[in-house]
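Undergrad: Please work from the sequences and hints to get the whole structure.
Letter by letter, the chains look like this.
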Amino acid sequence: MNALHSTAAPPSSAAERETAIEARGITKIFGAANGFMALDNVSVAIRRNEFFTLLGPSGCGKTTLLRVIAGFEPPTMGVLSLNGRDISQLPPNKRPVNTVFQNYALFPHMSVANNIAFGLEMLGKSKSEIKDTVTEMLKLVQMEHLRSRRTSELSGGQQQRVALARALAPKPEVLLLDEPLSALDLKLRKEMQIELKRLQHETGITFIFVTHDQEEALTMSDRIAVMSAGKILQVGSPREIYAKPAERFVANFIGESNFLNATLAGDSVTLDAGGSFTVTPPEGVADGEVSVLVRPEHASVRAGEPGAGELAVTVETIVYSGDATTLHLKLATGETFKAKQPNAPAEAGVLPAEGDSAALTIAPGAVTVLKD
Amino acid sequence: MTDSALASEPAPGALEAHAARQDSRNRWLLSLPALLIIFLFASGPLFVMVIYSFLSPGDYGNVKWDFSTDGWVNVLLQRDIFDDTLMWADAHLSIFWRSLSLSLITTVLTLIFGVPTAWFIATQRPGKREFWLFLVTVPFWTNLLVRTIAIQELIRAEGVINNVLLALHIIDEPLQMMFTDFAIGFGMTYVYLPLMVLPVYAAVEKLDFRLVEAAYDLYASRWTAFRRVILPLIKPGIIAGSILVFIPCLGAYVTPRVLGGGKNLMFGNLIELQFGAGRNWPLGAALSLTLMAIVMVALIYYVRITSREEKKDV
Amino acid sequence: MSEASLTTAIVEERVKPAKRRRAYNVRRLPGFAPIALFTFFALYAPLSILVFYSFNAGTSLAIWEGFSLRWYQQAANNAQVLDAAVRSLLLAAVSASVASVAATMAALATTRTRRFKGRTMIYALINQPLMVPEIVTAVALLIVFAWIKVATGYTGMIYLIAAHTAFCIPFCYLPIRARLETMDDTLEVAARDLYAPPLKVLTRVTLPLLWPGIIAGYMLAFVISLDDVVITEFVKSAGQETIPTYMLGQLRRVVTPEVNAISTVILVAGAVLVTLFFWISRGRR
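Residue numbers (our numbering), protein chains in the order written: chain C, 593 to 964; chain A, 262 to 575; chain F, 328 to 612.
Simulated from the structure, these hints should not be mistaken for laboratory data.
Don't take every hint at face value.
[To be verified] If you want a taste of the chain A side facing chain F, the calculated C-beta under 10 Å gives, among others:
1) 292
2) 294
3) 302
4) 373
5) 379
6) 401
7) 451
8) 473
9) 476
10) 477
11) 513
12) 550
[Unchecked claim] 27 Å max Cα-Cα, derived BS3-like pairs, lysine-lysine:
13) F/527 with C/719
14) F/527 with C/763
15) C/836 with C/922
16) C/723 with F/476
17) C/963 with C/823
18) A/467 with A/496
19) F/527 with C/717
20) C/932 with C/782
21) C/836 with C/963
22) C/963 with C/930
23) C/963 with C/922
24) C/731 with C/789
25) C/836 with C/686
26) F/476 with A/325
27) C/836 with C/723
28) C/686 with F/527
29) C/731 with C/719
30) C/789 with C/836
[Claimed, not checked] Restraint ranges, calculated between C-beta atoms of paired labels, are given here:
31) C/910 with A/569: 58 to 64 Å
32) A/463 with F/393: 44 to 50 Å
33) A/568 with C/881: 54 to 60 Å
34) C/741 with A/469: 33 to 39 Å
35) F/393 with A/391: 34 to 40 Å
36) A/372 with C/780: 53 to 59 Å
37) F/483 with A/372: 40 to 46 Å
Glycine is no exception: its CB is placed at the ideal position from the N, C-alpha and C atoms.
TA: Structural data, given as structure tokens:
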């Protein structure tokens, strides 16, 4: 099992990283043979000491996959292995994998300390070892002063931390977190995001995190798997997923998107609305008609007639959101386009008004061809 | 990644099926003690009773192992002792009629008194509600026999009612209330009233009073609101209460025995007679099975109605 | 009108108290409250009379001759009464215990699960004693036990215990099942996640939380067994009286207020148990 305080530098090369959890062809069908397919031939390799996130809308199968890894759902097909060992047939109480549940599932008839001690007791650890580990855990999540409290008397944030401590105490190989922050209010949630990241670095345990909040996923993860309808659509670092989404669903789910029609010729793409851009087309996309993605923050708008390299647009709506302004535009082709730009200090009259004609500049390198 | 370490994949669905089978087996094993006890000492004997209903009565009670359908025939018919013709067993028929009518009357009476009581309790403030619930529950948990004896004390010839009436010179001689159908009906109403109150209370407690407010908002009178909104909503509770009263009434034994004496028999007493002085065990068995059949029919009717109500709500 | 009197009139108008209007109470139905209160009175009047006359110094059940505890003393010194009381309590304790264990196991098996094969059948069988009239069960048991008694010659308490346990099981089952259904089952999932073997999950998580339901079931079964008349009457062998069967027998002969005394004791015991029951179910919510 991993040491709690890993002082080694985070693994950097692929060779150094070893695979912790590997799922191969996991399929899960609920009900009879033609029942609901929650997971469709899912394969993914999650590395040691990684903060890995399963991201997707409700019903995409992320929680089902988590439960398969934890051992609460036997897969209909496929193999699950931990550190190279096949664990598909192991019951959950024999897998060195622990879960932080969405509703925390703290034992109401036990105190905070006894909750944290529970897993250690079940593993048959000695009384002194249990006592030391519990104290260590309480310090880790900053709950020492509440060790004898009944869990039903704690606030949501406090319960969350106890649930974390309880799952970390037995020092598992992998920690599973099932949307643990969804019940917290915004400020607390942001604090806990930083907390969780810190915990993962300190303990060096592989974290598998499930969420539907794409911003959360982008902030916290080393790598993200975007899921939809039981399939994994793309696995990559937050940067990769954001900048180079593999397909339309991923692009749409993460961040804001503009989809435009264009024509691809080799490594150059020409927008129907005008302008040519150099691109690296993804594999399997032929020349001809394609869809491209442009992020709103990679485009800028100014009032006036379009010059060279600029596109003619009409401003439909302007939305002010404190730190930035989003302009909803209409292109000459009739396509809509959102442009987002930060608000410069004390700047009035530089932006066009609603209804005006304006000029749109798309930054070079901002165009990504989508595999549709 | 070490391919060799990965075991060969199990067949599709095999893991799930195995887990499901284990789960099912464990649940059956856990239920076994309860099932065994009930089968041996409640359900199983009923089957034995079926067998006994087709035997012949023994000379000193119990049975002779000779096949006979007399047990069943004698439920409704009797043989004339002189010319051996079959005719209606009037005694039995009057007993069936008494049981049915008294049970129905009791159910109606408990409805009349029980529904307002349940309504009253459920519409109290939560703190006071517990007090009234407690008050209604204590008689419910009191021995049936004690409650029957209490009624007996009231209506006996030397009982309280007669004493009061005599003392007030309203009557000259004690009224004969004991050992009449009236006594049995009165006693059963008293004894089974809590059984009507509790389910109706449960239904009223769940009632969403905003619906009633909506009715009044739409110009309904109190009576119309009760008839068109409240009553349909608490109907499941009323039906449950009616069944909970009607069925025990049909099979009542203690109350008719104490209050009705030996002359006014109900179904239960008739059955008991066959195992006592009547010495006709097969007939007793047949009568019991008949009673059970009637109760089953009533229960099936109840289930039908309630599932229809549930479907209507959806 | 002069200015002064006009001002006075206006001031008076303002000072006059607004006519008090009672809020429209949707929970009130005309006539229901009086009927309800009358019903409560009617429920307790006969019982009160029973209790009252248990303290009667005379032998009549209706003519008051002064306060006395003689009937309680007589009952307490009556060997038959004591024998019946001991037997009733023993029978209730044993039957309720066995029934609670069996019912707890059955409730764990049939609750909080997706449909498994035979679940409705198990459920129906467990509740079967509630659906059959007592007299029917009583004679069926009479028949079967008579046969066994003749075959083995054994006439001990085991028949009564078996019969009582059987009809106590559904009464235990219902409150236990009700409690189990309100319990969050992710707790057991969490316990398994934390390496607890199935037995430990049961003893460390499920049972401690289920305990109030089990107690409620036990109490219910205890009272049901204590109160049972019909089945006990048919199943008992000669000389095996319980309090209810003793009283039933007494009613055939000359009735003395001893019956009232015993009834009062039963009534008070019942009230105590109901209070306990309410206290438990309120305290643990």
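Undergrad: Return the numbers of the hints above that this structure violates; sort them in rising order.
TA: 16, 25, 27
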